[in-house]
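Visitor: Mind docking these for me? Both chains are given alone in their own frames, and the hints should help you get the complex.
Chain by chain, the residues run as shown.
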Amino acid sequence: MRSEALLLALACTLLAACATPTAGPPLIERTEYAHDELAFWQALEAQPRLSKDDALHALFLMADGSAAYASWAARLSEARRRGWIAEDARPEADEAATIGWVSSVVAAFLPIERGVTARLAPRSERYATRDLVFVGLLPDRSPSQPLRGLELLELAGRVDDWRAAHGAGS
Amino acid sequence: MSALLAGSIAWLAAALPVAQAPQVPPAAPAPVVAPLPAGKQETLQALVIGVEGRCEWKPAGAAPWKVAAVNDLLDPGCEIRTGLRSTLTLRVGKNATLLVDRSSRIELPLIVQDGAVLRTRAAVYRGKCDFKVEAVGITSDFQVLTPSATLAVRGTGFSVAWGGLTGLEVRGVDTNRIDAIELRWRASQKSVFLSGDAFATSQFEEPWVAALWNTVFPPPSPDRRLDDGIVDPTKRPPTPPVERDAQQQQQTNQGGSGFAVDVNTGRGKPGVPPKHQ
Numbered sequence: 001m002r003s004e005a006l007l008l009a010l011a012c013t014l015l016a017a018c019a020t021p022t023a024g025p026p027l028i029e030r031t032e033y034a035h036d037e038l039a040f041w042q043a044l045e046a047q048p049r050l051s052k053d054d055a056l057h058a059l060f061l062m063a064d065g066s067a068a069y070a071s072w073a074a075r076l077s078e079a080r081r082r083g084w085i086a087e088d089a090r091p092e093a094d095e096a097a098t099i100g101w102v103s104s105v106v107a108a109f110l111p112i113e114r115g116v117t118a119r120l121a122p123r124s125e126r127y128a129t130r131d132l133v134f135v136g137l138l139p140d141r142s143p144s145q146p147l148r149g150l151e152l153l154e155l156a157g158r159v160d161d162w163r164a165a166h167g168a169g170s
Numbered sequence: 001m002s003a004l005l006a007g008s009i010a011w012l013a014a015a016l017p018v019a020q021a022p023q024v025p026p027a028a029p030a031p032v033v034a035p036l037p038a039g040k041q042e043t044l045q046a047l048v049i050g051v052e053g054r055c056e057w058k059p060a061g062a063a064p065w066k067v068a069a070v071n072d073l074l075d076p077g078c079e080i081r082t083g084l085r086s087t088l089t090l091r092v093g094k095n096a097t098l099l100v101d102r103s104s105r106i107e108l109p110l111i112v113q114d115g116a117v118l119r120t121r122a123a124v125y126r127g128k129c130d131f132k133v134e135a136v137g138i139t140s141d142f143q144v145l146t147p148s149a150t151l152a153v154r155g156t157g158f159s160v161a162w163g164g165l166t167g168l169e170v171r172g173v174d175t176n177r178i179d180a181i182e183l184r185w186r187a188s189q190k191s192v193f194l195s196g197d198a199f200a201t202s203q204f205e206e207p208w209v210a211a212l213w214n215t216v217f218p219p220p221s222p223d224r225r226l227d228d229g230i231v232d233p234t235k236r237p238p239t240p241p242v243e244r245d246a247q248q249q250q251q252t253n254q255g256g257s258g259f260a261v262d263v264n265t266g267r268g269k270p271g272v273p274p275k276h277q
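Going down the list, the protein sequences come from chains A and B. Position 99 of the first sequence, counting from 1, maps to 99 under this note's numbering, and the rest follow consecutively. Position 195 of the second sequence, counting from 1, maps to 195 under this note's numbering, and the rest follow consecutively.
Same shape as in the complex, but just chain B (with noise of 0.2 Å):
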C-alpha cells in the first residue's frame, strides 16, 4: 500500500510541471513632457476621443452649440453638455483626460503650459466629471471648480458630482473605464494598408484577419459528421471565388486525416467519419 502511495507520489511530482519563476512584463516608460523656456507659454487644446449619446460643445461666446464628435479639437473656453445616458470623453492637453458623464455642464476656462507647469482648469457647473491626471514629470497645476469648492488634482484622479440636491460628492476615479476609452480610439486610430484583392470589413478591420476568415474555416468539430448538412455542389447556385475556395478548403480540411480520429478510442482511419454514440 504505502509502495503504490510512493509510487503515485512520483507520477504526480513527474506529471506536475516544474514551477516558473512568473513573467512580468516590463512596465511600460512613465510619458514626459519637456518644459518650455521660463516665461513661454503655450495655448494646449482637449480632443474628444469618445461620446455615446447625445453631447455638445460650443467655443467661448456666443457660437450656437454643435453636435460632438470624436476627434474634434476644444480650445479653451469651451463649454459641454450632455444628454442622459450620455458621455463625452476628452484628452485634455498634455496630461489629463476628462470622462463627462450623464446631465453634466462644464467649461474648460484655461489649458496652458507655462514653461514648466501644466495649468487647466475644469469648471463643473452640474453633473459627473471623472478627472484621470497623469504625472508627467514636470509641475501639474489642475483645478476643478464647482459652484461650492475649487479642487486640486496631483498626478491622479477623482470623480466629482456637483447636483442641486446634495451638492459637491467627491469619488475615486474609475481608471478602468477611462483607460478602455482610451484604448478603444488609440485603436481607432491606426491605419490600415490594402493592395491587390485585399480587403477589409467592419468586423475584421485587418486585410490578413479578413483574409484567413475568408479561406481557413473554423476547425471541424468533432461533434459534427460528415454528412451533416453537405449539399450536392451541382445543385447549388454558382459562388463567387472567395467562397468556392473556402468551400474546398473546408473540404480539404474534412478529408484530413486530423477529422477522422474517433472521439471515443483516439483512434481512426483516415477520410472514414468518426463513430458517435
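Only chain A is shown next, with the shape it has when bound in the complex (with noise of 0.2 Å):
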C-alpha cells in the first residue's frame, strides 16, 4: 500500500515537472494596457514570469515601435508572417516566455550577424540565445530559463542602444 502511494506522488511529480509552465493571464489583454505603451512597460516590472503574449507584444514595440494587433491570433499569425514563429508551432498565450524563445524572435527581426550553426537553423533557440550573448545584448543565459518582465525591459532598452549604434536603419 505505501509503495503503491509512493508511485503515485511519483508520477504526479512528473506529470506537473513535464508540464508547460505558464504565466497567468496576459497583461495585454486589459485594455489600459493595451493602448498605452508606457504603461505596459511599466506594469511588466512586477512580472515574475512573462507571458508569450506580452512577450510577443512588446516584441513587436521593439521591432516596430508600435503594436496595433488587437488579439494573441492576430499577434501569432503576424509572428508566422513575418517568419518569428514556425508554421506547425502552437504556443499558448499564457504560457510562460524563455529566454531562448525571446532570443529566437529577436535575433529574427534584428540584423545581427549570426554563425554557421544558427544560419542552418535559424528558429533554434539555443543558437538564438548564443548569438545574442555573443553581442552582448544578453549574459550568459540558458535558453530554457523563464524571462522576468524587468529582464525582458532591460533586453529592449539594449536592442534600442544596438540599433542607435548600427544605424537607425538597422
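None of these hints come from the bench; they were simulated from the model. Quick caveat, the model's predicted, so the values are computed rather than measured. Heads up, a few of these hints could be off.
Stated by the list, open to error - Here are some, though not all, of the chain A residues that point toward chain B, as calculated from beta-carbon distances under 10 Å: (1) 42; (2) 69; (3) 86; (4) 90; (5) 149; (6) 155; (7) 160; (8) 161.
Claimed, not checked - Per the computed footprint, the stretches of chain A lying under chain B, defined by three or more beta-carbons under 8 Å from a beta-carbon of chain B, are: (9) 34-41; (10) 56-65.
Stated by the list, open to error - Label-pair distances were calculated between CB atoms; the ranges are: (11) B:71 with A:89: 46 to 52 Å; (12) B:62 with A:35: 17 to 23 Å; (13) A:29 with B:168: 32 to 38 Å; (14) A:10 with B:143: 51 to 57 Å.
Here a beta-carbon is modelled for each residue, glycine too, at the ideal position from N, C-alpha and C.
Guide: Below, the structure written as C-alpha cells:
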C-alpha cells in the first residue's frame, strides 16, 4: 500500500514537471495596457513570469515601435507571417516565455551577424541565445530559463542601444 | 643646383605664414551659487529642457501621467518614465542636468538647497540615466538610489543603468550629448523682435538672416553659364515683390565684373560670360 502511494506521488510529480509552465493571464488583455505603451512597460516590471502574449506584444513594440494587433491570434498570425515563429508551432497565450523563445524572435528581426549553425537552423532557440550573448545583448543565460518582466525591459533597452549604435536603418 | 635649392627654400620661407601664438578664448567663469543663510531651506524644481519620443511624468501622489513637454516644471517627488527610442532631459535644481534615457523609470524625491548645501536625490528604478553635476562653489550632496546600490556624485557625472538582467552598471557620462541638449534649449529660448516688413521662419529665425537670404542670392558659381536656366522674364507669371527684388539682385550680380572672370585664365571682360571647356 505504501509503495503504491509512493509511485502515485512520483507519477504526479513527473507529470507536473513535464507540463508547460504558465505565467498567468497576460497583461495585454487589459484595455489600459493594450493602448498605453508606457503603462504596459511599467506593468511588466512586476511580472515574475512573462507570458508569451505579453512577450510578443513587447517584441512588436521593439521591432516596429508600435503594436496595433488586437488579439493573441492576430499577433501570432503576424509573427508567423514574418517568420518569427514556425508554422507548426502552437504556443499558448499564457505560456511562460523563455530566454530562448524571446531570443529566437529578436535574432529574427535584428540584423545581427549570425554563426554558421544559426544560419542552418535559424529558429533554434539555443543558437539564437548564444548569438545574443555573443553580441552583448544578453548576459550568459540558458535558453530554457523563464524570463521576468524586468529582464525583458532591459533586453528591450539593449536592443534600442544596439540599433542606435548600428544605424537607424538596422 | 644648390643655388636653385637655396632659392626654393627662401621662397618657401617667405610664402609660409609667420607662426603665431595660438589664440585661446578666455575661459568662461565658473558658475557660483550663493549660499542661503544657515538654517534656511529652499525647495527647488526640475525643468524639462529636451524631449524625444514618448516621455511622461507625474507629480507625487496618484495623479495621472502627463505627456512631457519642454519647459514643464517638476516639483520634488515627481516620477518620470520613458518609452523605447525616447529620452527626456531635465535641469535639476541649480547645478545638475539629468538625461533619462530609453525605457527608464525614475523618481526625484528631493531637490532642495539647505543653507550652503544643494541636496538632490534621484531614484532609478529601471533603465539608464546620465547625470552631470557641476561644481558651483557650495557643497553638492547628489545621490543616486538604485534597487541595489546608492551612489554619490560630487562635481562630476556618471551614467547609471539598472536592469533585471545585469543589475547595476556605471559608466562615464556622455557630457557632449548633454551639453548639446543644453545648448539647443538655450538657443530655443531667445527672443526675436520683428518690425515693419521683417519676418522670421523656422529655417531662418533671425529676421536679418531671412532678409539676407531673400535679397542676396548665393554667389554665382563659375561653372554656371549665363544661359543656364534663364527664362524670358516677359513670359513668367507675376512674382511677389520680395522674389522680384531677389531676381533683380541676382541679375545685377550676374552682370557684375566678378562673374566674367575666366576660370582657366583668370582674365575676362565685364559682362561677358566665361569660357568653359
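Visitor: Holds or violated: is there a CB of chain B closer than 10 Å to the CB of residue 69 of chain A?
Guide: At about 17 Å, which exceeds the 10 Å cut-off, the nearest Cβ of chain B leaves the hint on residue 69 of chain A violated.
Visitor: Mind checking the hinted window 17 to 23 Å against the Cβ distance between residue 62 of chain B and residue 35 of chain A?
Guide: 20 Å, holds
Visitor: Per the hint of 32 to 38 Å, is the separation of the Cβ atoms of residue 29 of chain A and residue 168 of chain B within bounds?
Guide: 33 Å Cβ-Cβ, so the 32 to 38 Å window holds.
Visitor: Between residue 10 of chain A and residue 143 of chain B, does the C-beta distance stay in 51 to 57 Å?
Guide: 54 Å, holds
Visitor: Counting residues of the region 56-65 of chain A with a beta carbon closer than 8 Å to any beta carbon of chain B, are there 3 or more?
Guide: holds (count 3)
Visitor: Hint validation: residue 90 of chain A versus chain B, beta carbon distance must be below 10 Å. Holds or violated?
Guide: Interface hint status for residue 90 of chain A: violated (28 Å vs cutoff 10 Å).
Visitor: Does the nearest C-beta of chain B fall within a distance shorter than 10 Å of the C-beta of residue 42 of chain A?
Guide: Since chain B brings a Cβ to about 6 Å from residue 42 of chain A, closer than 10 Å, the hint holds.
Visitor: Identify whether the interface hint at residue 155 of chain A stands, where standing means a beta carbon of chain B within less than 10 Å of its own.
Guide: With a closest approach of 7 Å, the residue 155 of chain A hint holds.
Visitor: Answer holds if the nearest beta-carbon of chain B is closer than 10 Å to that of residue 149 of chain A; otherwise answer violated.
Guide: 8 Å, holds
Visitor: Quick check on a hinted range of 46 to 52 Å for residue 71 of chain B and residue 89 of chain A, using CB atoms only.
Guide: 50 Å, holds
Visitor: Take the region 34-41 of chain A, compare each residue's beta carbon with every beta carbon of chain B, and decide whether three or more fall closer than 8 Å.
Guide: holds (count 4)
Visitor: Under 10 Å is the threshold here; is the Cβ of residue 160 of chain A close enough to any Cβ of chain B for the hint to stand?
Guide: 5 Å, holds
Violated hints, listed in ascending order, are 2, 3, 4; each of the other numbered hints is respected by the structure.
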